[in-house]
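Undergrad: Sequence:
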Amino acid sequence: MVLKPVDHLSELSELLNYTSIMFFEEPHEEWYAKDADWTPAGLKLFKNESTVPQEILQKPLRIWKGYDQIIVSRTFIESIFEKLNLEVIMNLFDQRKFYGVDEMLLQTLYRNYLGLEGQPTSSCNNLVPDTIERWTDWIYRGTDGEFHPNCKSKFERHWICIMGVEYLKDFTETSYVIGNKFLENYDVGPVVCLKELFQLNKIKKRITRMELQNYPQFREMEMKHFGTYDKNSFKCDNDRNLT
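Note that the numbering used here has the sequence shown beginning at 132, numbered continuously upward.
Calculated directly from the structure, the hints in this document are not laboratory data.
We put the CB at the ideal spot given by N, CA and C, even for glycine.
One or more of the hints may lead you astray.
Between beta-carbon pairs, the in silico distance windows are [said to hold, decoys possible]:
id: 1; residue 1: Lys165; residue 2: Gln330; range: 48 to 54 angstroms
id: 2; residue 1: Leu217; residue 2: Thr252; range: 28 to 34 angstroms
id: 3; residue 1: Leu217; residue 2: Val319; range: 25 to 31 angstroms
id: 4; residue 1: Val296; residue 2: Ser364; range: 33 to 39 angstroms
id: 5; residue 1: Lys366; residue 2: Arg205; range: 41 to 47 angstroms
id: 6; residue 1: Ala164; residue 2: Asp361; range: 35 to 41 angstroms
id: 7; residue 1: Ala167; residue 2: Met132; range: 32 to 38 angstroms
id: 8; residue 1: Ala164; residue 2: Pro280; range: 37 to 43 angstroms
Once the Cα atoms are required to be at most 16 angstroms apart in a straight line, the calculated EDC-like pairs of lysine to aspartate or glutamate come out as [stated by the list, open to error]:
id: 9; residue 1: Lys175; residue 2: Glu213
id: 10; residue 1: Lys312; residue 2: Glu351
id: 11; residue 1: Lys336; residue 2: Asp301
id: 12; residue 1: Lys362; residue 2: Glu351
id: 13; residue 1: Lys336; residue 2: Asp138
id: 14; residue 1: Lys336; residue 2: Glu264
id: 15; residue 1: Lys335; residue 2: Asp301
id: 16; residue 1: Lys285; residue 2: Glu304
id: 17; residue 1: Lys312; residue 2: Glu297
id: 18; residue 1: Lys178; residue 2: Asp225
id: 19; residue 1: Lys285; residue 2: Glu264
id: 20; residue 1: Lys285; residue 2: Asp268
id: 21; residue 1: Lys300; residue 2: Glu351
id: 22; residue 1: Lys196; residue 2: Glu248
id: 23; residue 1: Lys366; residue 2: Glu351
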């Protein structure tokens, strides 16, 4: 469920410009068809291969997994529709019937450089912890859909604490744009109360440019916008110069 009012989201959109924010992790090999041909050429990924360098066409994609809720730029999505043919890769991801298209497709396309607009060119391998995309109160123990004493709401599903009215104060203070999970048949209160919090302007925590500076892709896109980006001197880590 969206935790930010419209004015916050509009402000965030202007700050991000054409930067996308996604959580990434490496999936288990059984979650996708590991032995398939994952090169862009084998996937028939590009509508016009004649304009694509061979080093991109013949390099197998590294598969990434994330959430089905992401912050993605219009520029990146428009470039996908303009340049890519997704039929083969979508069918491959859907073969396994696990996380597939909704949690792997855009993450994989974004992290493998394909020359798309809105896509980073720097090879930053250190992953930034997700601090704005999706907030999940993981519990990692318990049986699906049962009482759990360590959840504020005392109820969990899929190893995640269900967010009830007990989380309302957290909603006003968090940087996260999306909260997960809610069950209206367990507690409809958060839906009703969040609407009131929006109307009363009680959501005070706004995402700032300084906070976004922690994301290497944000700094890269901002530098490109101002014409100051240099791939050779770009620091993946904002403070410690990790690569």
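Undergrad: Does each hint hold? Answer for all of them.
TA: Evaluated hints:
1. The given range of 48 to 54 angstroms is respected by Lys165 and Gln330, whose C-beta atoms sit roughly 50 angstroms from each other.
2. Leu217 and Thr252 have their C-beta atoms about 22 angstroms apart, which leaves the hinted 28 to 34 angstroms range violated.
3. Against the hinted window of 25 to 31 angstroms, the Cβ-Cβ separation of Leu217 and Val319 comes to about 37 angstroms, which falls outside the hint.
4. Separation of Val296 from Ser364 is about 50 angstroms and departs from the stated range, judged on CB atoms against 33 to 39 angstroms.
5. For the pair Lys366 and Arg205, the supplied restraint of 41 to 47 angstroms is violated, since their beta-carbon distance comes to about 27 angstroms.
6. At about 38 angstroms, the CB distance of Ala164 to Asp361 agrees with the hint of 35 to 41 angstroms.
7. Between Ala167 and Met132, the C-beta spacing of about 35 angstroms keeps the proposed range 32 to 38 angstroms intact.
8. Between Ala164 and Pro280 the Cβ separation comes to about 41 angstroms, which falls inside the hinted range of 37 to 43 angstroms.
9. Distance hint between Lys175 and Glu213 is fulfilled; the C-alpha atoms sit about 14 angstroms from each other, no more than 16 angstroms.
10. A threshold of 16 angstroms between alpha carbons decides the hint, and for Lys312 with Glu351 the separation of about 32 angstroms lies outside it, so the pair is violated.
11. For the given pair, Lys336 sits about 10 angstroms from Asp301 by alpha-carbon distance, which is consistent with the 16 angstroms threshold.
12. A threshold of 16 angstroms between alpha carbons decides the hint, and for Lys362 with Glu351 the separation of about 9 angstroms falls inside it, so the pair holds.
13. Taking the CA atoms of Lys336 and Asp138, the gap is about 12 angstroms. The hint holds against a cut of 16 angstroms.
14. Pair hint Lys336 plus Glu264 holds up; C-alpha atoms about 14 angstroms apart against a cutoff of 16 angstroms.
15. A C-alpha spacing of about 11 angstroms is found between Lys335 and Asp301, which places the hinted pair at or below 16 angstroms, so the restraint holds.
16. Our distance criterion of 16 angstroms between C-alpha atoms is broken by Lys285 and Glu304, whose separation comes to about 21 angstroms.
17. Simply put, Lys312 and Glu297 have alpha-carbon atoms about 13 angstroms apart, close enough for the 16 angstroms limit, and the pair holds.
18. Distance hint between Lys178 and Asp225 is unfulfilled; the C-alpha atoms sit about 21 angstroms from each other, more than 16 angstroms.
19. Under the criterion of a C-alpha separation no larger than 16 angstroms, the hint pairing Lys285 with Glu264 is inconsistent with the structure, at around 24 angstroms.
20. Restraint check for Lys285 and Asp268: satisfied, since their Cα atoms lie roughly 12 angstroms apart, inside the 16 angstroms limit.
21. Restraint check for Lys300 and Glu351: not satisfied, since their Cα atoms lie roughly 34 angstroms apart, outside the 16 angstroms limit.
22. With a C-alpha separation of about 21 angstroms, the suggested pair Lys196 and Glu248 falls outside the 16 angstroms cut-off, and the hint is violated.
23. A distance of roughly 9 angstroms separates the Cα atoms of Lys366 and Glu351; the hinted pair therefore holds under the 16 angstroms criterion.
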